[in-house]
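Asks: One-letter residues, chain by chain:
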Amino acid sequence: MITEEELDNLIICKKCHTLHKKVPISHNKKAFCSKCDILLYQNCPNTIDKTLALVITAAISLFVAFKFTIVTIDIQGLEKSLTLYALFMVILEQHQYIVGIMFIFLIVIFPITIIFSMLLLLILMKLKKGAYMVQRLLILLAHIRPWSMVDIFFISLLVAMVKLFDYAYIELGVSFVALVFTLILDIIITKNISFYELWELHTKIYGWHE
Amino acid sequence: MNNSKFEYIRCHICEAVNYVDNKETKCRRCHEKIEHNLKFSYHKTLAFLITAIIFYFPANLYPILISKQFGKTTTNTIMEGIIHLWDSGSYPIALIILLASVFVPLLKFVLIIYLLISTKYNIHSSKLDKHKLFYITEAIGPWSMVDVFVVIILSVLIHFSEVKIYPGKGATAFGLMVFFTMISALSFDPRLINHQKGDTSNAKP
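Top line first, the protein sequences correspond to chains F and C. Counting in the working numbering, the first sequence runs from 8 upward without gaps. Counting in the working numbering, the second sequence runs from 4 upward without gaps.
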């Protein structure tokens, strides 16, 4: 049988599932997969503080993105704005429940859940409290992470704007900027801390427990 | 290592390396269940894939977008929308939609079918490549949602008393199709690839 410590020093690449033995690396260095060159792990000091700062900013910009108008169009004096409220109203009015509920979950509920559970778990990790809570949050995150589609929503928004470009005067709202900001922050956060590292930090802070 | 009944498994939740035998086990770090019966994963993937393929037809045949202009109703399926965009000169957008809503779902179907068949019948090819293919399948999954989102955004913006846009039946079918292809890819267990006989590329480092 193989011991737990030996298992801790192994890592399987998420892309090609090659088994690697972890080697200690110096500060700010990264380890890549030998077969497919994907990032395996990195050694960054105070990742929690950095990520926490980014997540707080992301939470604020996400709030702004959903609170205010994203774009306003103007067709010969008739104005219409894209907001979350308008979205709810249109879905209710047109009885598009399946598409509507999917949309609201993928664009609103899941991203908010992800950002706020990240926020909560990072704060708990910083305080070194609530081991079980952090674990449940991490498991929750693993389940809903593939279902957050803010980036795809943004591309769709651009496509929709191009489609309307010929007919309407388009004015970008505050939320559009906030949306871009959220996306950039999301990229930085995923670059800064991987899920694997969150779990590693979890075991480092709380230890193994039943 | 491969012919023994012990193997290294990457937990799908917390990515910890587990060393497990054929008995039902829990991950040593997050205590989530690690499915020991791979047949279950195989059939789940197949079932969701078939559902997705069934939804693919209404998604393409029914109109995804219904527009009402001064009492006159026009409908657009996905292909009609793309052709209309192409004719009006927005080639990049037409290409994005074509890629995202026609090719990506088809590519996903083909990739998942290939992975299922090749793991079932032990087709000799590199496991490394199959793992990479699976990674691609997971990564491109949500991008087919673009068209549905565009229709919803348009239906919110173009919502005047005389001119209105609605999502059609096709949009619902399309959304469900993407949903089922994503579940199908998520329920595929990469261990199915490892359990293939023959090739032993998953050697110890």
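Incorrect hints may have been included.
[Stated by the list, open to error] Once the Cα atoms are required to be at most 30 Å apart in a straight line, the calculated BS3-like pairs of lysine-lysine come out as:
1) F:K21 to C:K42
2) F:K42 to F:K136
3) F:K211 to F:K74
4) C:K135 to C:K75
5) F:K87 to C:K75
6) C:K42 to F:K42
7) C:K36 to F:K42
8) C:K36 to F:K136
9) C:K123 to C:K29
10) F:K29 to C:K36
11) C:K36 to F:K87
Derived by calculation from the structure, the hints in this document are not laboratory data. All of these numbers come straight from a predicted model, not from anything done at the bench.
Asks: Hint by hint, note whether the structure agrees.
Replies: Hints and how they fare:
no.: 1; hint: F:K21 to C:K42; verdict: holds (22 Å)
no.: 2; hint: F:K42 to F:K136; verdict: violated (38 Å)
no.: 3; hint: F:K211 to F:K74; verdict: violated (38 Å)
no.: 4; hint: C:K135 to C:K75; verdict: violated (49 Å)
no.: 5; hint: F:K87 to C:K75; verdict: holds (21 Å)
no.: 6; hint: C:K42 to F:K42; verdict: holds (28 Å)
no.: 7; hint: C:K36 to F:K42; verdict: holds (29 Å)
no.: 8; hint: C:K36 to F:K136; verdict: holds (25 Å)
no.: 9; hint: C:K123 to C:K29; verdict: holds (26 Å)
no.: 10; hint: F:K29 to C:K36; verdict: holds (25 Å)
no.: 11; hint: C:K36 to F:K87; verdict: violated (49 Å)
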